[in-house]
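Fit chains B, C, D, E and F to the supplied structure of chain A, relying on the hints for placement.
6 protein chains.
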Amino acid sequence: MMVPRFREIATFMRTPYVEEFSTTDIGLVGVPFDGAVTNRSGTRHGPRQVRDMSSMMRTTHHVSRINPYDNCRICDVGDVPLTTIYDLPTVNDQITSFYQQLVGNSVFPLSIGGDHSITYPILRAVARKDPVGLVHIDAHTDTWNEWMGSNLNHGAPFRRAVEDGLIDPKRTIQIGIRGAQNSPEGWNYSKDSGMRVIFIEEFRELGVEGVLKEIGNVVGAGECYLSFDIDSIDPVYAPGTGTPEIGGLTPFEGQQLIRSLKKMQLVGADLVEVSPPFDQSGNTALVAATLVFEMLCIVAEQISNQ
Amino acid sequence: MMVPRFREIATFMRTPYVEEFSTTDIGLVGVPFDGAVTNRSGTRHGPRQVRDMSSMMRTTHHVSRINPYDNCRICDVGDVPLTTIYDLPTVNDQITSFYQQLVGNSVFPLSIGGDHSITYPILRAVARKDPVGLVHIDAHTDTWNEWMGSNLNHGAPFRRAVEDGLIDPKRTIQIGIRGAQNSPEGWNYSKDSGMRVIFIEEFRELGVEGVLKEIGNVVGAGECYLSFDIDSIDPVYAPGTGTPEIGGLTPFEGQQLIRSLKKMQLVGADLVEVSPPFDQSGNTALVAATLVFEMLCIVAEQISNQ
Amino acid sequence: MMVPRFREIATFMRTPYVEEFSTTDIGLVGVPFDGAVTNRSGTRHGPRQVRDMSSMMRTTHHVSRINPYDNCRICDVGDVPLTTIYDLPTVNDQITSFYQQLVGNSVFPLSIGGDHSITYPILRAVARKDPVGLVHIDAHTDTWNEWMGSNLNHGAPFRRAVEDGLIDPKRTIQIGIRGAQNSPEGWNYSKDSGMRVIFIEEFRELGVEGVLKEIGNVVGAGECYLSFDIDSIDPVYAPGTGTPEIGGLTPFEGQQLIRSLKKMQLVGADLVEVSPPFDQSGNTALVAATLVFEMLCIVAEQISNQ
Amino acid sequence: MMVPRFREIATFMRTPYVEEFSTTDIGLVGVPFDGAVTNRSGTRHGPRQVRDMSSMMRTTHHVSRINPYDNCRICDVGDVPLTTIYDLPTVNDQITSFYQQLVGNSVFPLSIGGDHSITYPILRAVARKDPVGLVHIDAHTDTWNEWMGSNLNHGAPFRRAVEDGLIDPKRTIQIGIRGAQNSPEGWNYSKDSGMRVIFIEEFRELGVEGVLKEIGNVVGAGECYLSFDIDSIDPVYAPGTGTPEIGGLTPFEGQQLIRSLKKMQLVGADLVEVSPPFDQSGNTALVAATLVFEMLCIVAEQISNQ
Amino acid sequence: MMVPRFREIATFMRTPYVEEFSTTDIGLVGVPFDGAVTNRSGTRHGPRQVRDMSSMMRTTHHVSRINPYDNCRICDVGDVPLTTIYDLPTVNDQITSFYQQLVGNSVFPLSIGGDHSITYPILRAVARKDPVGLVHIDAHTDTWNEWMGSNLNHGAPFRRAVEDGLIDPKRTIQIGIRGAQNSPEGWNYSKDSGMRVIFIEEFRELGVEGVLKEIGNVVGAGECYLSFDIDSIDPVYAPGTGTPEIGGLTPFEGQQLIRSLKKMQLVGADLVEVSPPFDQSGNTALVAATLVFEMLCIVAEQISNQ
Amino acid sequence: MMVPRFREIATFMRTPYVEEFSTTDIGLVGVPFDGAVTNRSGTRHGPRQVRDMSSMMRTTHHVSRINPYDNCRICDVGDVPLTTIYDLPTVNDQITSFYQQLVGNSVFPLSIGGDHSITYPILRAVARKDPVGLVHIDAHTDTWNEWMGSNLNHGAPFRRAVEDGLIDPKRTIQIGIRGAQNSPEGWNYSKDSGMRVIFIEEFRELGVEGVLKEIGNVVGAGECYLSFDIDSIDPVYAPGTGTPEIGGLTPFEGQQLIRSLKKMQLVGADLVEVSPPFDQSGNTALVAATLVFEMLCIVAEQISNQ
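Residue numbers (numbering that gives the first Met the number 0), protein chains in the order written: chain A, 0 to 305; chain B, 0 to 305; chain C, 0 to 305; chain D, 0 to 305; chain E, 0 to 305; chain F, 0 to 305.
The set of hints was computed from the structure by calculation and includes no laboratory data.
Heads up, some of the hints might be wrong.
As the list claims (entries may be wrong) - Distance ranges between label pairs, derived from CB positions: (1) D/Arg72 to F/Ala220: 49 to 59 Å; (2) D/Pro15 to F/Arg64: 32 to 42 Å; (3) C/Gln264 to A/Asp191: 37 to 47 Å; (4) F/Glu184 to E/Lys190: 48 to 58 Å; (5) B/Thr22 to D/Asn150: 30 to 40 Å.
Glycine included, every Cβ here is placed at the ideal spot set by N, Cα and C.
Isolated chain A, as found in the complex:
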């Protein structure tokens, strides 16, 4: 990674691309699927663009001075090999199946989407025993129900996950929620199921420090999953996404939130909803790649502490 950043093949972070997983600690996975969106598509191109932009990343974190590549074997394990893209239930099954392979090989899955519908089938693979906790950073609760004929749309994954006992709503926190909706139904579902929902107005009142305390209080010890929707970030920083809502987080706040999760028992993490066709300047992908680097650092620290 010491050669100039415009050189070499664009794998995630310019890590080795592997097709066999037995010697990988952290697998960077692409999930180029956007067939479940409700509005603007394009995230099928997300993994490719994040791979490209991730070569801007370097190795040693400026705060923690951690170099995750020192501690862990980190590889690009490629894209989920879907053989269909038009049928949502089958797509979900194929995603789950691929993550079961990763989990079976003790690979920590760090995923780059794709639309948010992918988190549900990922959770089916990583939440193998008890429901896991969830740190969910997003503009939307994604606990809505059927829309345009499918309950597997990208506004619904966490409702499905609760129904299936994959996540524990009482150990779930949703951060950054904002923007009008056509009904309060999803907001109500989150609240009624026991999730802690921090709307952006409360986020501004609590500040990052206060929110981090809430995360600790809600999720606690025990296994948990981190799902970061890039639309939690204000669209000026991350225009490349399908359902932008103004008034969001700054990338710096995103970095701070992730950076502070290093004590959690993560079983997986994802960064979703990067949509390159709406990202003319590439800043969305730059933010995404940097946030993935933050995730790499905390996961590497967690793994090397085990």
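Frame of chain A; chains B, C, D, E and F shown alone:
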């Protein structure tokens, strides 16, 4: 339409928007669906953008001096009201159903896509008796078969249409074909079923005049349908499309081809595959809107001659 | 408004377009005029683009849970039908005349510009009796005088409005002012006439809460008008404007300011200076449409409380 | 001009900027005015952008091997110093006045617009005795009449010029005309007044050679003016313009047309309607700058032959 | 290559990436170096972007029906591993050294630049015995001399190659030359050294067929090299390049030229000067990738015929 | 400067361009050189673009009410006239030589880059006696060492300056540092040499006020230099730069920092790393031009106080 072009609501060509079809001769229909693409999506935004750019159009054709609005009642009949977007067979049925209403009201359907998969369900509505002829201008034959789990993908509509007896392959001409494929199967299907395929190299040899003669020879009298895929045009003029192939037609050639079809017995026409997220300059939509205006002129002439 | 957001005709917020005003409570008006700018033009395209982007909006506010469409009849009343665009005094008269029709029909005018010169002729229609108060959010005081031969330029509307007794400078507050000028004359006029001017530096000291108190103190009860120039927002969020000044408000601050005006006696409101040719990413229009939605919510609440 | 092209102050072609005209043979003039457009504005920024892009130009023509800077004193004489921009008749008078100064100093005016309305006041200065001939390359005849309250709009300059006896319609040729209009009135005026109008379809039939012959036949010997509207070029090459029409000339054809006028008695020339806000890639300005260089070469040759 | 084109790691044409060359017939090489440009830099990003866009390519040529992957082992051999980028002579030596490895392993080098200076060090590796012939498609002859302190700049490679006896000027043809220069010196060098130079005007007269005959006449049998500068293509198709000149070739002409070289004895080929920072739409890279595919087809045919 | 901002020749701030320096107090200098970058080039175009955008600037500061043009003779002194661009040591010498001329004429040099390597040769001219203090605002410490074969790369200028005794590390403060690195070596050098390094996290804790105190404490009285790398600003505001790092300063913070330096003994200042090819919206240049205006105001005040 005499007010400045930046003013007023952006219906197609700034025509009246109607929800009831009994007094419409030509219905401009939006089909904002792109769930059947094999590569880059985005054409769900096509009708909206063509509506917007179409306000650049004016009324009197500079060659024929025809003003189609003098002769015909032309309306924007809105978008096909799909209630599902994730299930291809159902989407196809809903499209067919809407066009049956139009045809039942004697409305000539001039459609703006949407991906090319929409032409198959449209043909199911407009080819009510015998198979119709087809003038198909495209970079691809779209006579391929199942891909990624569906045979309703946007590379397959004309194979489906032949199988269902909706088009007569011997009265079908495909113009502008080019670009590598992963197998010659679709090219072979077109040829073996009896279609006349003019690859771009032959197009350059024949010239527009020669191609027009071939159209006449192949399609002849009798009902026919015009399907114009914007990717027939060279991607420099029409970058906003999902599967661009360099070395294509110029917009002027597109105008000449359409302009010369005024003696045909058209039962419907479409302009598909305009994908705004890949059309930063808007030229794709400008070309598309102008080609739709050319279509309007020949259809209006056909109708007023009846 | 429940159908996918890429579908349907792009009226403001996808409300019904009406040409007769008797059954409308709130009229969304387009004023596509930019003939009075001093620097970069382009806002003539503002209403069209805000209409397009406004289809991203939904119905229920995430804080107040208000759905303005439940309480009020909200319509797109089209664009001001100017018959001349080259002569500023005549343009001003035609604008006033159209708003007199709206006001005469008891329609609350919520306008989307257009350059800021339009607020002066709007005020001539809405400030029918006494001078009204003014909440003016902008990077510039717009109290300058003649420039390049006209005192109806877009840097002058509030000076004209004071001279005509349309606004009460003592009940006028200007928020977000910043950026160098070629003379301090406009700043001085605002101050000398009695307006309360909050430059951006003071804004940062007071915070949104402090500014809201000042608004209450200055404007008080009694009729007032809200004029929001998109260039009050930092140009990184709203590059699509004619005279950008760095160091401005965030969209979240804009939302908070508007949201808190719900107790005021508004007689009209506008959002001006959106210039699509300089808004490649569309974020300006997204911010503008969301701010208009915030305005709709407070106006609907005001109307339903009457 | 031998230093790298990204260096130095961006005058036209990096020629010396002069404020006194007595030692200038050819004056490159900017006319940053777009207040007379009927649709999209933006050409006020044209001279600035053409100045910037013109530093890509070099000195020795690859066909004629002429270096115009060897033969002539070529200077950037700045922008027309308008003191008003809102009143069309006054603007016209101020333009005429500035060109009278140039002509009075025996400076050949080569102008960069600005919208096409500027050609009429320029002609008032350069056509001092008899009506001059006109080579007019454009998508539109610009012989329309009053629109939105002014007959000085940018669709009307050549009608005004005929009425004033500034150009001789029988020695006028209009080349590249195309695109629908809301009435045939302008086309008819051109024809009825005796102009030779070559629509794009005839252009394609005649070829450049044939058109050049027609130019010779129509304009003949005697003084003439060259007016080149960038929208004559197909909008894919020149998107940066207000009223694009597909199906236009290529830049190569533009070069050939200009290059062949070297035997004419030119009294002035202009390149108008370059609108940077619609020219994201800068290709419009690159084409424009190169066409201006072609003009410089023929004018320099004409002057050195005198 | 049968999976969707937005998926998988972006090697050139999605071929296997290899670091050992013994089983490779054709090596696709990236040369991300632009330190020798005279104007706008950016081609250091060329290989990365062409890799990305090349996944749009498919396998079977629509004219020849050749699938080069059937006949040859084609691999992405990575980027030239430069250890310095600031010193032109050393960079040149390192490039030569890498190509010597390729040639030593009987790998046919098909290179993607990078600026045109790279062709000289490549020629030092591939022209091992006698001077080779050269088919050079470009807007510029690139036979200029020292500029700004170096004779290894990107305007000079073929002059250096003649001086070193790497190419035979009498078996060299330069095609597509155009655009002004600050002196005729390079043009003269080409002519005086015996090269056949086809300026764009002659190209238009001869047509592609005539030019192909000239190529045959000039280069004949015997080893030769193909160097394709993307700026030979008109900048509207290929804006992403450092020294654009209007009035160039179409991509279709580029395809025809390459396609017809299948009988030549190629020892190497390159496609240079793709500069992504100036290629907002990506069309330059699409053209480049498609031209590289054309090269692959003729090289594969040549190799399988051996 | 009172004419419309789209008019006139684009010198820096539309000041007079001079080639002789004896009557200039503040010289605005362009240094269009980017040959020392480690990643993305493009800043060679920075001075041109800042010149263009700087015509958006006006004269009277809205806080201090200072008009720097009242107090000082401010001129555009052109670009450093390099005669080579490929050899870093020679380039450095030529830069130093030009600044020695300026300093010799008592011209205060306010420079616009260009990559950050230019500050080292500038310091060689302005730090003539003792080492000067340094206020360095940047995302990177730029105290790294040799890279890719040169220790004059743009990541190294302040290490070179310390080694040469041009700056006093104990009177040096680096502000805004952030982002991963491939080793901590540069960070360590800064610290070990005695510089005060304020990483972005500490910046957020101290606030602008606290940082300003630190600047005073560290730099104190005595001569100092101000070097402002635009990449200190968050890339959403300033995407046009070579090595963007998310989580940076806002432009308002940049303004505040500069504005408060008015009591310092500045001997020179620069604004570097503006890279137009990556600045599609132009906001980077707008920020840069406004920051340069802030610099002008404090320097003018310093000079008029002397």
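Consistency of the hints with the structure:
The hinted range of 49 to 59 Å is satisfied by D/Arg72 and F/Ala220, whose Cβ atoms lie roughly 54 Å apart. Distance hint check for D/Pro15 and F/Arg64: the Cβ-Cβ separation is about 37 Å, which falls inside the suggested range of 32 to 42 Å. Restraint check, C/Gln264 to A/Asp191: a C-beta distance of roughly 38 Å satisfies the suggested window 37 to 47 Å. Taken as a hint, the range 48 to 58 Å holds for the pair F/Glu184 and E/Lys190, whose Cβ atoms sit roughly 54 Å apart.
Between B/Thr22 and D/Asn150 the Cβ separation comes to about 38 Å, which falls inside the hinted range of 30 to 40 Å.
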